[in-house]
Amino acid sequence: MRAMTGITGRTGARIGAQARVAVAVTALAAGTVLWAWLPATGAAPGTRPVLLVAAFSGIMTVAQLLTEPSRLLDTWSDARIYEGLLPAFARRLWPGLLVLPWAQAMTVAALVLEALHPSRPWHTVVLGVVLLGFLVALHLAETAAGPAVLRPQVPLLAAGLALAALSAGAAALPAAGSASDWPLAVIAAVAALLVAVLALPI
Amino acid sequence: MLTAGPQRAVAVKWRLSGLGRSLVTFALTALVLAVITRRTEFAGLAAPALLVLVPRRRSGPATIRLTLAEGARQVTENEQSAVLAQISRHGEGTLRLKLHPAAWIVPGSATLGADGWHRVPFLAQRWGLRPVGTLEGILHDRWRLAEGRFVADLPAVTCLPVPARLDSLVVLSKLPARLGEHAARAAGEGTEFAGIREFVPGDRQRRINWPATTRRGTLQLNVFAAERAQVTVVLMDVSADVGTRGLSSADLAVRASAGLASAYLAARDRVGLISFGRRLRWISPATGRRQAERIMHMITVDHGDGEPLGMVTRLPAAALPPGALIIVVSPLLSLRLIEALRELRERGFATIVVDVLCAEPDVGSGLLRSRDRAMARLARRIWRMEQDAIRFSLRELGIPVATWDGISSLDEPLAPYTRRVLVNRA
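Residue numbers (the working numbering), protein chains in the order written: chain S, 1 to 202; chain D, 203 to 628.
Hints may contain errors.
Computed beta-carbon distance windows for the label pairs [unchecked claim]:
hint	chain 1	residue 1	chain 2	residue 2	range
1	D	448	S	152	46 to 54 angstroms
2	D	314	S	49	42 to 50 angstroms
3	S	152	D	504	52 to 60 angstroms
4	D	518	S	22	55 to 63 angstroms
Covered by chain D, according to a simulated footprint, are these stretches of chain S (three or more residues, beta-carbon under 8 angstroms) [stated by the list, open to error]:
hint	segment
5	101-113
6	124-133
7	137-148
8	159-168
By construction, these hints were calculated from the structure, which means they are not laboratory data.
Source: prediction; values computed, not measured.
No residue lacks a Cβ here, since even glycine has one placed at the ideal position from N, Cα and C.
Taking the hints into account, I'd like the entire structure generated from these sequences.
Structure, rendered in C-alpha cells:
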C-alpha cells in the first residue's frame, strides 16, 4: 500500500491545535464549575445534585468538542452482527447524547449553583466573567476561528462587564437587598422580554 | 487542468448561532435568578450577554452561488484529491466549508486559495465507485450571532486500486506467433543470442560469427531468439469477500489483478480479464492503453452487467484464446470456480493460481462453554483441512498455487514460476 500523503500530516497538526483548544475549554469549564461551587460550606440544600449536573455537562461539552460527527458514521454495519446488546445500546446512545446542548446546561447549572450560595456580589461577577470566557472559547473552538473574529464585540462586552461590576457594587451597598427592590424586578422583566425578542428565530 | 462546472444557487438556512444560543440562555437564566433570588448582581450578570445580543441583524443572504470545479473524477487508493468550490454572494460575514465524508473517505481541512477557490482535500481509502459525501458551508454574520448553513452533494469519484507490484513475469514456453517482447525458444529476428549454426546460402552476412568461424574452419552464423507476445488472461475471483476490510480477499484480488494486468500490458502482451463476482463479466484479450483503461474500469466498477453466476457452467471461450496463460487470483472458496479451473486444465490451458485467502472463519470467539469452544476448534480444523485438500487437488492437476499476503510484491509468490517453464498443452 502506498504511504498516506498530505492529509494525515495536516490531520496531526489539526489534532494538536484541537487538543490545545480543548485543554483551554476544559480549564475554563472546570474553573467555572469550581468557582460556582466554592465555598463548599454554607450553601443551601440541593447543591450536590446541581454540582453533579454542572460537572457532567462540562465533561459532555468537552466530549462534544473532541468528537467529530463524521467519526460516528456507521461504516461497518455488517461487522457488528455479533455485537452484544449493551455495547450496541451504548453505541447508539452516544451520538444521541452528543447532540444535546450541554454548554447551555452547564451555564444554567453553574448560575443555579451560584444562586444556592449566600449573596456575594463580587464572586458572582467573577463567575460571570469566567462563564462568558468559557462560552466564547467554546464558540471559537467549535468554529475553528481565531480570537480576531470577536473584535467587533469587544466594546460591547467591556460595557456589559462594566455594568455587571456596577451592579455588584450596588448589591454590595448596605441598603441593597431590602424589601423595596421592586424596580429591579421590573427592569429584569423588561430585559427578559428583550432577550426573548432577540432570540426569536430569524 | 480543472474546468469550472455550472454555477448553481443553493438555499441558506439561517438560525441563531451556538454563541447566540448560549448568550440567550446565560442572560435569561441570570434574569430569572435575579427575580427569584432578588439579587441585583444576577441582573448585572445578564448585561454583557444582552449588550452583545443587541446588534444582531435578522437578514442574511437567502441563497449563495456555488460553483464546483470539474476535477479529476478518477483517483487511486490513498491518493490525495480535492474538491474545489467557489462561493459567491455570501455577504460580509465569514464562511467555513466542511466535508461530511461518505464511507472510506478521509476529509482534510478546507483552505481558501488566492484565486478565490476553496480547496477541500480528501483521501479515498478503498477502491470502487465512491461517493465523496456532502459539502457543508457555514456562514457567520459579523457579530457571530447568526449562523447560515447550506449543503451541496458532491459527485462520486472512481477510486482505482493500488496495483500490486510485479517486475518478473511468468512466461509460457510456447508462445503464439505474434510479435512481442518475450524471447521465444524458436529462432527469429530478436535481439537475444540463442546460439550459432553453419552458414547456408541466403543468410545475412552481417550475422557471421567470425571467432567461431576461425575456430571451426567453416562459416558460422549467430542465431537469435524470436520475440513473441503472450496472451494472458487474469481471472479475478471476487465472489467471496472475507478478512479484514482494506486487506480482505476481494481487496487483494482486485489489487493483484490490477498489478498483473498492468505488468503484462506494459510488456506489450495481449491481456484479458474475467471477473468472477456476483456476475460473470469478461474483456477479450487485447493490448494497448485503451485496454488497460477498460480492464481497470471493470476491476473497479461493477455495473451489474454480465451473466448471473448461477447460470454459468463453464468459462467463456471468447475470453480464453488457445495458448493463453491463465492467472487466477482467488481465495479458492467458490467450488464453482474450482470446477471451472479443473475444466480449464482439462482443456490444456496453462493455469496458475494466486491464493489471496488470508483469513479464517471467526468461529467460537463468543462461546463461553469449554465444550462449545472445543467444537469450534474442531470445526476450524476441518475447514483448514478442506482448504488444504482443495489446494492439494489443484497442484495434483498441474495448477500451481502461490499464496500472496497483499503486502509484499507479487514477485515473491510468483518467483518459482518465472524461471520454471509452464507448459501449455493447447
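Comparing the hints with the structure gives:
1. A hinted range of 46 to 54 angstroms holds for the C-beta pair residue 448 (chain D) and residue 152 (chain S), which are about 48 angstroms apart.
2. Distance hint check for residue 314 (chain D) and residue 49 (chain S): the Cβ-Cβ separation is about 47 angstroms, which falls inside the suggested range of 42 to 50 angstroms.
3. As the Cβ distance of residue 152 (chain S) to residue 504 (chain D) is approximately 55 angstroms, the hint placing it in 52 to 60 angstroms holds.
4. About 59 angstroms separates the C-beta atoms of residue 518 (chain D) and residue 22 (chain S), a value consistent with the hinted range of 55 to 63 angstroms.
5. Counting residues of the segment 101-113 of chain S whose CB lies closer than 8 angstroms to any CB of chain D gives 7, so the stated coverage by that chain holds, three being the minimum.
6. With a threshold of 8 angstroms between beta carbons, the proposed coverage of the segment 124-133 of chain S by chain D holds, since 6 of its residues qualify and at least three are required.
7. Counting residues of the segment 137-148 of chain S whose CB lies closer than 8 angstroms to any CB of chain D gives 6, which reaches the minimum of 3, so the coverage claim holds.
8. Coverage of the segment 159-168 of chain S by chain D holds. Counting CB-CB distances below 8 angstroms, 9 residues qualify, and the rule asks for three or more.
In summary, this structure violates none of the numbered hints.
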